[in-house]
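> Taken in sequence, the protein lines are chains A and B. Quick note on numbering: numbering that gives the first Met the number 0 labels position 255 of the first sequence as 254, and the sequence is numbered without any gaps. Quick note on numbering: numbering that gives the first Met the number 0 labels position 122 of the second sequence as 121, and the sequence is numbered without any gaps.
These aren't lab readings, by the way, just hints derived from the structure by calculation. Check each hint, because a few of them may be wrong.
Which copy? The list can't say, so a pair holds if one copy fits it or any two copies do.
[What the hints assert, rightly or not] Mimicking SDA-like on lysine to any residue, the simulated pairs with C-alpha atoms at most 25 Å apart in a straight line are:
| no. | residue 1 | residue 2 |
| --- | --- | --- |
| 1 | K345 | V331 |
| 2 | K345 | A17 |
| 3 | K284 | T25 |
| 4 | K345 | T25 |
| 5 | K345 | G199 |
| 6 | K345 | L193 |
| 7 | K345 | P116 |
| 8 | K345 | R198 |
| 9 | K345 | R180 |
| 10 | K345 | P57 |
| 11 | K345 | A55 |
| 12 | K345 | P197 |
| 13 | K345 | R241 |
| 14 | K345 | A168 |
| 15 | K345 | A318 |
| 16 | K284 | D341 |
| 17 | K284 | P330 |
| 18 | K345 | R56 |
| 19 | K345 | L323 |
One-letter residues, chain by chain:
Number of protein chains: 2
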Amino acid sequence: MRSSMDLAPGDPAQAEVANPLLVEVTRGPMVESRHRAAFAVADCGGTVVLHGGDIARPVYPRSAIKPLQALALVETGAAEAFELGDAEIALACASHGGEPRHVDTVAAWLSRIGCGPDDLACGAHLPSTQRAMLDLIAGGGHATALHNNCSGKHAGFLTVARHLGHPTAGYIAHEHPVQQRVLGILESMTGQDLGEAPRGIDGCGIPTLGIPLGNIALAMARLALPDDQPEARQAAAARVRRAMAAEPFLVAGTGRFCTKVMEVTGERALVKTGAEGVYCAALTKLGLGVALKVDDGAGRAAEVLMGRLLLHLGVIDDAEAEALARTLSPPVLNRAGRHVGDLRAKPV
Amino acid sequence: MRSSMDLAPGDPAQAEVANPLLVEVTRGPMVESRHRAAFAVADCGGTVVLHGGDIARPVYPRSAIKPLQALALVETGAAEAFELGDAEIALACASHGGEPRHVDTVAAWLSRIGCGPDDLACGAHLPSTQRAMLDLIAGGGHATALHNNCSGKHAGFLTVARHLGHPTAGYIAHEHPVQQRVLGILESMTGQDLGEAPRGIDGCGIPTLGIPLGNIALAMARLALPDDQPEARQAAAARVRRAMAAEPFLVAGTGRFCTKVMEVTGERALVKTGAEGVYCAALTKLGLGVALKVDDGAGRAAEVLMGRLLLHLGVIDDAEAEALARTLSPPVLNRAGRHVGDLRAKPV
């Protein structure tokens with residue numbers, strides 16, 4: 000076919016160096032879709048031991064840094080003051096599926112701190128777990144802020160506010176003392192001055208800051224191995240790690256990648272998803288942190304890429320990889336349940 | 000941060016030339032995610048008048064070529080024999096939202112040809128329109144094959160089988176006379192020998208063939224202006240165009256890009272979405288066809304890129320673009336309904 004005009008060479012759309020193509024989606028004999036991504040693996044001294052693509056470009060980490068934000072709940076003493084257990088701390092780290100145990104535990108937690116669903120500013124949405132959503136609607140119910148995947152994180156913010164005597168109103172605002180406290184933790188853990196960082200508004204209303212992947216990975220490495228951090232931070236990190244490992248269901252839910260991996264790895268690999276194709280991990284035994292971002296925001300690609308990295312780093316052994324096969328390299332099924340393709344990460 | 004190892008230069012993952020970055024998703028001051036894509040605009044003589052990226056690579060067109068597949072329903076005489084109207088022919092072209100009018104019209108159509116929902120082989124899924132899904136579940140219902148977004152197309156296949164005296168059983172198989180008929184139409188319209196084309200299985204179970212974007216665009220140009228086609232094909236193309244323009248709701252549904260655009264453009268621009276980031280258009284007045292594929296499969300990017308192309312080609316005037324502003328350049332809203340970012344296509 001003859002072409003009389005095409006995209007001008009030198010067009011800015013062409014000038015940017017592409018991140019590596021790391022995930023493919025096949026259908027039959029052909030690659031149907033493809034995802035580019037960047038990733039960084041760092042140790043807690045700041046060395047990037049493995050990376051792909053542009054790890055200097057700022058990334059909104061979204062929910063993938065909930066475990067870092069949850070440090071505030073513990074190191075302020077709030078968790079202890081309200082006698083929170085693994086369940087609550089895990090929910091503070093969670094992007095949960097809105098299943099009954101998630102919802103009921105958050106509701107009970109709010110009561111204990113003298114709050115209720117109306118104090119949550121995250122907004123309402125239907126449970127992300129399909130079964131829970133269908134059961135809710137079939138039972139005549141409707142979405143509330145409790146079902147919001149961030150409701151545990153927000154219950155954590157309210158708990159910090161209560162404990163420190165701050166007003167609960169407006170707790171999602173950047174200027175609110177709770178968000179400022181979290182900001183301080185993020186600066187310290189990422190080793191990055193975030194005062195001028197690009198700032199957007201997250202799905203749940205709190206600020207989200209643009210941070211280079213390398214620095215996010217450093218923060219996760221420090222969560223895994225906080226030896227150079229103040230003692231209160233070290234204890235808080237240990238508490239958060241323990242809770243995530245003890246309650247993988249609460250961190251995500253039925254059928255979810257995070258949950259299935261942590262059920263196998265326990266504290267060895269604490270993994271956390273974030274919207275728009277972000278994934279993070281704190282690798283406790285190895286003392287490493289992982290942060291990745293799929294350029295186009297696809298969660299399906301972020302999952303298989305995280306799985307590939309866990310395999311590459313030896314965090315999951317062959318037997319575990321076998322047990323997790325359908326999670327690490329999911330089949331593409333059509334509407335009739337037929338296996339028509341696959342998602343696969345390319346070697347890193 | 001020091002890097003001790005990164006992705007080896009010359010790695011095959013890096014060797015592929017990247018398609019242009021054509022859609023950005025912003026959040027606050029920063030681009031959060033980005034989508035690469037290829038597109039072709041062709042006339043019915045086979046000249047590509049505008050393109051971006053690699054238009055030679057085969058693409059599974061998925062549902063975007065339903066209007067071409069629907070030609071079989073008309074040119075075999077099946078549509079006339081069963082007295083099908085605009086509604087049925089539009090549904091044969093549709094990826095519908097499973098709303099009551101979609102479902103009821105397909106159900107009634109199946110009865111007229113002596114079939115029922117059990118004859119549909121597309122599989123069941125919940126309505127893709129959220130309101131319809133919630134109403135169905137709240138009312139104690141469940142997903143059936145009628146709700147499947149392809150049920151109209153499949154009703155069309157069954158109609159062709161009935162009319163030509165073929166068995167209805169197995170109508171989705173590549174070897175079935177109905178699929179072979181459709182294959183012949185696709186070869187003729189794309190100008191491509193599809194015997195050796197990569198073949199996958201579509202979401203609804205029928206074959207999907209890998210076809211270069213330039214050839215898909217040619218097929219859409221021929222749908223728009225079939226002057227060089229046999230008379231029966233010309234008449235069938237006119238019938239399909241008329242039905243889509245008359246029933247834009249049935250081709251997609253409430254809030255859908257296809258529907259909103261065609262409600263404004265009528266037959267001037269017949270647009271059709273396909274899974275995994277495909278979009279096609281037949282531009283009747285201009286005698287052009289458009290085909291695009293977003294590398295990573297994202298529908299959100301395919302929509303805004305199609306919108307950008309329609310603007311670029313002058314298919315939508317300024318007043319219409321104003322009326323369609325939220326469709327062509329959608330805001331990103333957070334869970335509380337706050338406007339936190341935007342989707343925008345870069346100039347082509």
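> Each hint needs a verdict: does it hold in this structure or not?
Tested hints:
no.: 1; hint: K345 to V331; result: within (17 Å within a copy, 31 Å between copies)
no.: 2; hint: K345 to A17; result: both (16 Å within a copy, 16 Å between copies)
no.: 3; hint: K284 to T25; result: neither (35 Å within a copy, 37 Å between copies)
no.: 4; hint: K345 to T25; result: within (12 Å within a copy, 28 Å between copies)
no.: 5; hint: K345 to G199; result: between (32 Å within a copy, 21 Å between copies)
no.: 6; hint: K345 to L193; result: neither (33 Å within a copy, 29 Å between copies)
no.: 7; hint: K345 to P116; result: neither (44 Å within a copy, 41 Å between copies)
no.: 8; hint: K345 to R198; result: between (32 Å within a copy, 22 Å between copies)
no.: 9; hint: K345 to R180; result: neither (39 Å within a copy, 38 Å between copies)
no.: 10; hint: K345 to P57; result: both (24 Å within a copy, 21 Å between copies)
no.: 11; hint: K345 to A55; result: both (22 Å within a copy, 23 Å between copies)
no.: 12; hint: K345 to P197; result: between (31 Å within a copy, 21 Å between copies)
no.: 13; hint: K345 to R241; result: neither (32 Å within a copy, 46 Å between copies)
no.: 14; hint: K345 to A168; result: neither (47 Å within a copy, 40 Å between copies)
no.: 15; hint: K345 to A318; result: within (20 Å within a copy, 47 Å between copies)
no.: 16; hint: K284 to D341; result: neither (31 Å within a copy, 41 Å between copies)
no.: 17; hint: K284 to P330; result: neither (31 Å within a copy, 43 Å between copies)
no.: 18; hint: K345 to R56; result: both (22 Å within a copy, 20 Å between copies)
no.: 19; hint: K345 to L323; result: within (17 Å within a copy, 40 Å between copies)
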